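Chains as they are written, first to last, in the working numbering: chain A, 1371 to 1521; chain B, 1371 to 1521; chain C, 1371 to 1521; chain D, 1371 to 1521.
Keep in mind the hints are simulated off the structure, nothing from the lab.
Because the structure is a prediction, the values reported are computed rather than measured.
All clues stand as given, with none of them false.
Same chains, same label: a pair holds when it works inside one copy or across any pair of copies.
Straight-line alpha carbon distances no greater than 27 Å define the calculated DSS-like cross-link-like pairs of lysine-lysine that follow:
# : residue 1 : residue 2
1 : Lys-1468  : Lys-1396
2 : Lys-1396  : Lys-1471
3 : Lys-1498  : Lys-1396
Number of protein chains: 4
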Amino acid sequence: MTSFTPLDPDFANRVRDSFERQQFMKTLGATLAAVEPGFVEIHLPISPAVTQQHGFVHAGAVASIADSACGYAAFSLMPVDAGVLAVEFKINLLAPAKGDKLIARGRVIRAGRTLSVCQADVVGVTGKTEKTVAILTSTVMTMQGKEGITG
Amino acid sequence: MTSFTPLDPDFANRVRDSFERQQFMKTLGATLAAVEPGFVEIHLPISPAVTQQHGFVHAGAVASIADSACGYAAFSLMPVDAGVLAVEFKINLLAPAKGDKLIARGRVIRAGRTLSVCQADVVGVTGKTEKTVAILTSTVMTMQGKEGITG
Amino acid sequence: MTSFTPLDPDFANRVRDSFERQQFMKTLGATLAAVEPGFVEIHLPISPAVTQQHGFVHAGAVASIADSACGYAAFSLMPVDAGVLAVEFKINLLAPAKGDKLIARGRVIRAGRTLSVCQADVVGVTGKTEKTVAILTSTVMTMQGKEGITG
Amino acid sequence: MTSFTPLDPDFANRVRDSFERQQFMKTLGATLAAVEPGFVEIHLPISPAVTQQHGFVHAGAVASIADSACGYAAFSLMPVDAGVLAVEFKINLLAPAKGDKLIARGRVIRAGRTLSVCQADVVGVTGKTEKTVAILTSTVMTMQGKEGITG
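Extracted from the complex, chain A is given alone in its bound form (with noise of 0.2 Å):
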């Protein structure tokens, strides 16, 4: 594991207040559980709303906690001005999403100063055991001077 110094001493703030704001985690349920320099930790307790037709996690409500996870994994080493954008993802399903919650876990594998790579794993947590579902690859930019994108 790479370790990171963040650019922004008040970077876990930062991706708080940017994870309130994100609408859509509200809708699904999902909640932030840690924030460390490079890495982000977000859970979703599963519940009849994100299901597909099967029962199991909808493939997109796995792979949207994946992509917030990555993304604010990368946004924490970003500088105090920047905005975060997803620019492409890849998910893999691994198994039926299923448990009680689902937690996935973003790292950034490469810092850069215009475009980071970073990478997830969401497992599902049914008790005390852990089963990985999916692992998902992200390419996320850095935004500067763009007017309205902050955070």
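Dock chains B, C and D against the given chain A, drawing on the hints supplied.
Leaving out everything else, chains B, C and D in the frame of chain A:
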């Protein structure tokens, strides 16, 4: 464009029934607007509930409707007793997802016995103008003989 | 199909010069068959040198010509002093890559100032018949002001 | 790290035999450096033959050794009569691919009966220093009962 002959003449009802059971599509507010052999269109009205921190639609919500459009496009060509499962997908975000609504159009590129490959594009609709905001490619698996995995 | 106006009227020569310097294309035996604004076609004669263990063209060789076709499609639209760099790509293999030759056709989907998104399809040609064997999506970066990174 | 028990105790020879038949690896100059259950390492000496226009290793060559490392990592866990086929892969290029040689290390993340998911990282080696230049995720299919598709 390839044209496909569905194995099940009742494919459209089968797709609609399965879509109805995707609680997550209801949570998003997405609707099934068109079903043809190897093609599905899903609409998502844009409301604050699906936005990220800059007020655009969250990449995860964009991916969710594109993934469902692809999955159901593939499902429309599957045998009557089959279930559909997402194996992986990849999305490129081309422009901020905004407007009155999003439309995801999923098409089968290759219909295989076990694996199908599909592509979707997602457009943001403002008045009568459409702008492409994302493209997605996915691999979808045909599940047969798995209890509880139909639809 | 979108049509593009190149920034550099001499774009075709610029693409051909750069392709000439891709030693790896020579190693493969690939040739540049067409250059238009936002579009490039590369041909690869099929010989044992590019095969995998079953006698089909190796997925890596298929990806190589598709990636180059995409990169040069994007490069054809870039300013005269820019260099082109692959950020990421994703390929789906649809059918065994075989025949007399492969043709990769790369097209720009979105031409951005910093990032462009392209798609390529690769067909296997046997006599007069074409069969799609792979589709690829890539993100390409415009590099400016980097010493040694032109072309 | 997960540890895997191979179905075929002779897996390493089976992998080496198949690799020998990948003419494309010989064309690149790549060699099979290590085979363990669910893990394969491939080395590529850097020479002009594998470079692109800026003198770095072509992204397609990087992807080729990473794809083979993933495919053979999955193949090492397959039954004795199975063949291996790449379904799709995605690569992120993190840094210019340069140095004395490249090393691709492929690992199985999920070993399924039909589909396996693998990841590889590729490092550029200069003297004793390694730098990660790319990460790749792939889906690999187990082929059984297909004439001519063993190995």
